[in-house]
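Taking the hints as your guide, dock the two standalone chains into a single complex.
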Amino acid sequence: VSAVAPTELAPELAPPGQPESAEGLGAAGQSPTARRGLLERVLLYLLAFLGACLFMGPFLFTVTSSLKSVSEIRAFPPTLLPAVPQWRNYVEIFTIPGVPYARFYANTAIITLSATAGAVLTAAAAAYGFARFRWWGRNFWFMVLLATLVLPEEVVLIPKFLMFNNVPRALIGRTLIDTWWPLILPSWFGGGAFSVFLLRQFFMQIPRELDEAAVIDGANSWQIFWHVLLPLARPALATVAIFQFLGHWNDFIHPLIYLNSNTKFPLSLGLRYFLNIPTDATQPRDHLLMAASLLMVAPMIALFFAAQRYFVRGIVMSGIKG
Amino acid sequence: MATVARPPGSAPGAPPAPAGPAAREAPPLPAGSSRLARRENLAGWLWASPWILGFLLWTLGPMVWSLYLAFTKYNISQPAEWIGLTNFVNALSGADSLFWPSLTRTFVWALVMVPLSLTGSLLCALLLNQHLKGTALFRTLFFLPSLTPAVAAAILWRFLFQPDFGPINYVLRSLGVQPPPLWFSDARWAMPSLMVMTLWAAVGGGTMLIFLAGLQGVPQELHEAASIDGAGRWARFRNVTLPMITPTLFFNLVIGIIAALRTFTTAFVATGGGPNYATWFYILHLYQTAFQNFDFGYASALAWIFFVIVISLTLLNNRFSRRWVYYEGEARP
Chain U
175 VSAVAPTELA
185 PELAPPGQPE
195 SAEGLGAAGQ
205 SPTARRGLLE
215 RVLLYLLAFL
225 GACLFMGPFL
235 FTVTSSLKSV
245 SEIRAFPPTL
255 LPAVPQWRNY
265 VEIFTIPGVP
275 YARFYANTAI
285 ITLSATAGAV
295 LTAAAAAYGF
305 ARFRWWGRNF
315 WFMVLLATLV
325 LPEEVVLIPK
335 FLMFNNVPRA
345 LIGRTLIDTW
355 WPLILPSWFG
365 GGAFSVFLLR
375 QFFMQIPREL
385 DEAAVIDGAN
395 SWQIFWHVLL
405 PLARPALATV
415 AIFQFLGHWN
425 DFIHPLIYLN
435 SNTKFPLSLG
445 LRYFLNIPTD
455 ATQPRDHLLM
465 AASLLMVAPM
475 IALFFAAQRY
485 FVRGIVMSGI
495 KG
Chain Y
12 MATVARPPGS
22 APGAPPAPAG
32 PAAREAPPLP
42 AGSSRLARRE
52 NLAGWLWASP
62 WILGFLLWTL
72 GPMVWSLYLA
82 FTKYNISQPA
92 EWIGLTNFVN
102 ALSGADSLFW
112 PSLTRTFVWA
122 LVMVPLSLTG
132 SLLCALLLNQ
142 HLKGTALFRT
152 LFFLPSLTPA
162 VAAAILWRFL
172 FQPDFGPINY
182 VLRSLGVQPP
192 PLWFSDARWA
202 MPSLMVMTLW
212 AAVGGGTMLI
222 FLAGLQGVPQ
232 ELHEAASIDG
242 AGRWARFRNV
252 TLPMITPTLF
262 FNLVIGIIAA
272 LRTFTTAFVA
282 TGGGPNYATW
292 FYILHLYQTA
302 FQNFDFGYAS
312 ALAWIFFVIV
322 ISLTLLNNRF
332 SRRWVYYEGE
342 ARP
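Chain order of the listed sequences is U and Y.
Taking the working numbering, the leading residue of the first sequence gets 175, the next gets one more, and so forth.
Taking the working numbering, the leading residue of the second sequence gets 12, the next gets one more, and so forth.
Everything labelled a hint here was simulated from the structure, so no lab data went into it.
Don't take every hint at face value.
Reference listing, derived: stretches of chain U covered by chain Y, where coverage requires no fewer than 3 residues with Cβ under 8 Å from a Cβ of chain Y [said to hold, decoys possible]:
| hint | region |
| --- | --- |
| 1 | 231-245 |
| 2 | 333-341 |
| 3 | 403-413 |
| 4 | 485-491 |
Which chain Y residues stay away from chain U? Per the calculated CB distances, all over 10 Å, these [unchecked claim]:
| hint | residue |
| --- | --- |
| 5 | Phe82 |
| 6 | Thr97 |
| 7 | Asn101 |
| 8 | Gly105 |
| 9 | Phe118 |
| 10 | Val119 |
| 11 | Leu129 |
| 12 | Leu143 |
| 13 | Pro192 |
| 14 | Met206 |
| 15 | Leu253 |
| 16 | Met255 |
| 17 | Gly285 |
| 18 | Tyr288 |
| 19 | Ala289 |
| 20 | Leu327 |
Simulated coverage check for chain Y against chain U, where a stretch passes if three residues somewhere in it have a Cβ under 8 Å from a Cβ of chain U [stated by the list, open to error]:
| hint | region |
| --- | --- |
| 21 | 108-117 |
| 22 | 295-309 |
C-beta: ideal position from N, C-alpha, C; glycine also.
Pulled out of the complex, with its shape left as it was, chain Y reads as follows (with noise of 0.2 Å):
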């Protein structure tokens, strides 16, 4: 997993984890070669021991109760009661009427959210990159968007996107457009006006603070060696500028997919997963199978699914990455 997001620039054949000085310092020397070597073995554990402990009781543990209950029926009230791959059964083929469409739906989004939130991002960092006078009160202002909450920034566009009085449906009636949609309250908007508000708090945000600092280490050499060979702005951008930053754009990527598979708040918030379960994302879909219908057992084998999907998604990605990322310093096949 620790090759997930390699760093730019890494050198050729660096070990895959873990990475930084560590790596190259003398392994750990086995326990009891020594009494300072025991001291400092004693020691390190000590001070690791917050993360370790908290590694083991907030993540393995629950992980592993996860597991368990995911094959068994459980309410809280009663004992968990061992029904095998029930749940996975009532899930996969459809009994449950709302796992297939929500995991749909939240996979068309991402597909759709990822590839959008990306380029507008990088497009806003190339602007950014520019030179232009001023840029510092740009890029502030581009970025501002995404420090709001998600909860206020549902709020906020709930009234802009207000049918009767609010002024984006006013810009539009008086462009003609009769009449205007209904937004969060027509099960064909619903979606369309939930991507508007996450790109307006996505696009401006870290991600394009990520593509402007690998834009700013592409070495100014290649450009000007490349415009000296006759290579316009495009070609530039083409095979400079974006093998460049590929590992950026892989990281990116990896956690793009990852923030869109796991929407919930601004959807719970602003639509509450309708109308007619037009937003209902899967992750909307857990909470309201564990904490609204307090079936445990079933929520634990949805949380699973997710979990697998996840990390199979990123392990997919990684795998990939070898043929399209590039690393500075790396012979090219």
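Bound-form chain U, shown alone (with noise of 0.2 Å):
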């Protein structure tokens, strides 16, 4: 009834204007879409440039600023292009005194990583459960599923950081802060309820038939979910591992209270702790910042073309989510 299947909604998504490039030609009994005048034409071009400026504008100049050099950082008026492009800037932020820049990149590689499988292996183990087996209280478990989607995660924040500081320290004898524990292992347990929702909506998509062949021919459970469902769920997997590594690359709030040491913050940590260290006033970096900043931004728009579909599909489940 209401979920609507991950494979229905891509066609929905694919670029409009392609199934209707008639427009324009005016013919009566077409969409009234089609029937529009030169001058509202225009204008509606004119409304998208002008929109793409505002949200394309500021980040065109980070990207400029990024390449230039002291000496133009803090020019007064400010330059739209750097006079030499400073390519070196982004080789610089990587040897600056006390700012360990690539290690907060190769943490937050490790950690984004290890969260990212932990939480998509075990949803997908998770969907598996709530979509292919009748188990006493499944209709209540999926129930709570759904209300923790709406559930703020600051009411646990304090407990969970109690957790990793008091339980080990009882049991091991030492805290498990100012460590990656805290940040990965929580992801190692069903990864979130938006990620076990989408994969058991996409698991109930898979017709049964498959499960009961692979029966006859002597499949297992876990035959069954690593070698029929999991390969057929792969659309599913992506959008999943997607958001999750979205979510653990831009997290900030955890690593602040877990971390301390700064050889173990991440991307996240590290450009604020860049951001306040002190400096000489007469040596600006918001160059050096600007190329940070972006070099933690590129990813993300790397995995943003390189998976457009998977994200679009992901973030439209999400407000389909029943």
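So, in structure tokens, the structure goes:
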């Protein structure tokens, strides 16, 4: 009733315009949007162009600023483009004393990948349980799962912090604060309600006959999961992986409360650390800050262009969750 | 809670939860009815157990612990000491002079930001739904800012808003604004600055894409029928498009309110809550109380107050949605 098949969403979101490219011909009986005066069309294009400028302008100015030299960055009036693009800014940020930027980058990659892997695997397992088995309490737990979608994470921030401090202290004699465990471990428990929900909906679209055929061939539930469902669910897995990746890459509040040593910082904390270290006022470093920020954004943009379909589908799925 | 966001086009009288084909299947068999059913029951539990365990371990358990701590005085080094309602009294009575201001500020923020960003996103989505050439490109350009991590966005806008040599003030000065605002450094301008920055990152993001999907789900026949009946552009939008996308609007509203109330990272990085507490949001206050002042008991009370507010608003929203959200196929009173 409620779940729109994920596969049905992609065509809906195909770039509009193609199916109705006959617009403007003005044939009677065409869609109302096709009958449109020239002035109106020009106006709409102008609006779209203005919108694009408002969204991309600040971004592009940051890009050009990241390529400016120390003397140009605070030049007045500000220049739009650097006289000579300083590509070495992007090398220099890796060598700033006291700011182990390469380390931040590697840390982020390790934390993000470990957490994402755990979230995808365990969310798929849980989704399989919800989609394919009848068990006592299933409907109840599914309702709980949906309820957690609107639960503000802040309410568990403090007890989770205490759990990673007090419990290991009692058990193994040392705290897990200032380690990556609190950032990775929770993801290995189902990966969040949205991931489970999305994968469950996808599994339910896969015909049960495939499972049954595998059973006749002597497959157990693990083999069905691994060899039948997971390969078919690749698009949904990709969507979940992208969202997990995004979430962990951008996460700020969790590293902020759990990490103290700057050698363990991910980029989000590292950038703020870089922003706040005291400096010589005569040596502006805005260009380096811009370069460093853009290097944090770059993988997100690359991911977006590499997997735009899954991206958009995941967002739209979130709007249709039941 | 499952009815929080009913999908567009869900059937009349559909059971509110759980959604999906599962609801139409036979109810789970009681364990023990047969060996096979018992095995299936066990297997289902096992497969779902990572999430169930995670829920108990990282959500329910911590929530109960947090509720207990809310009634205690606790700073880690000493055992928690039961103090009854003192924490709640301290918060609500104004003994904590930052509680009401930060809560009010957060609400004002949500009250301004939710309508602005929803309207902005809807307008962008409407523009992208006009079958212009290059729509895919425009969509990408609108969307890209939302990919910027909050920390990076804050650093970026601190630079753009820099009072002396920043490009925004340069433009304002050349337009004759003298003296231009100090933006993040001025208590009166810090909030508007944060708003501009947040709108930039939010308007073209997921909300817009969800609206766009909603708009593309509006049947073309309805528009045509309305046109034949002589409805103009505005009348078609008001009487066809808007009612048809109310489920999408409702979803974005619920999510938008929660997101606005949770504002933390942008303010924390861009202004640190200042100047002079001008951007001291509720979650900032919670963070400061817990992780800077190590007042875990009081901070837990703050967390629970926040939780109750968010859940009540969501339920309230859900309740009022019956008056204005239209689900296709549902009879209207």
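Stated coverage of the region 231-245 of chain U by chain Y [criterion: 3+ residues, CB within 8 Å]:
holds (count 5)
At a Cβ distance under 8 Å, does chain Y reach at least three residues of the region 485-491 of chain U?
It holds: at least three residues are needed, and the region 485-491 of chain U offers 3 whose Cβ sits within less than 8 Å of chain Y.
Could you check that no beta carbon of chain U comes within 10 Å of the beta carbon of glycine 285(Y)?
Given that every Cβ of chain U is farther than 10 Å from that of glycine 285(Y), nearest at about 13 Å, it holds.
Was leucine 129(Y) rightly flagged as not at the interface, with every chain U Cβ beyond 10 Å?
holds, 13 Å
Would you say methionine 206(Y) is clear of chain U, with no C-beta pair closer than or equal to 10 Å?
holds, 14 Å
Using Cβ atoms and 10 Å as the threshold, tell me whether proline 192(Y) really stays out of contact range of chain U.
holds, 17 Å
Given as non-interface: leucine 327(Y), partner chain U, CB spacing beyond 10 Å
It holds; leucine 327(Y) is separated from chain U by about 12 Å at its closest Cβ, greater than 10 Å.
Regarding the assertion that leucine 143(Y) does not contact chain U, is the least Cβ-Cβ distance greater than 10 Å?
It is violated; leucine 143(Y) is separated from chain U by about 6 Å at its closest Cβ, not greater than 10 Å.
Non-interface claim for phenylalanine 118(Y), where every Cβ of chain U lies beyond 10 Å:
Holds: least Cβ distance 15 Å, greater than 10 Å.
Beyond 10 Å from chain U, beta-carbon-wise, is alanine 289(Y)?
Non-interface label stands for alanine 289(Y): nearest chain U Cβ at 19 Å, farther than 10 Å.
With a cut-off of 8 Å between beta carbons, are at least three residues of the region 108-117 of chain Y near chain U?
Violated: only 0 residues of the region 108-117 of chain Y have a Cβ under 8 Å from chain U.
Status of the stated non-contact between leucine 253(Y) and chain U (beta carbon gap over 10 Å)
Check passes; 16 Å lies beyond 10 Å.
Hints 3, 12, 21 from the earlier list are contradicted by this structure; the remaining hints agree with it.
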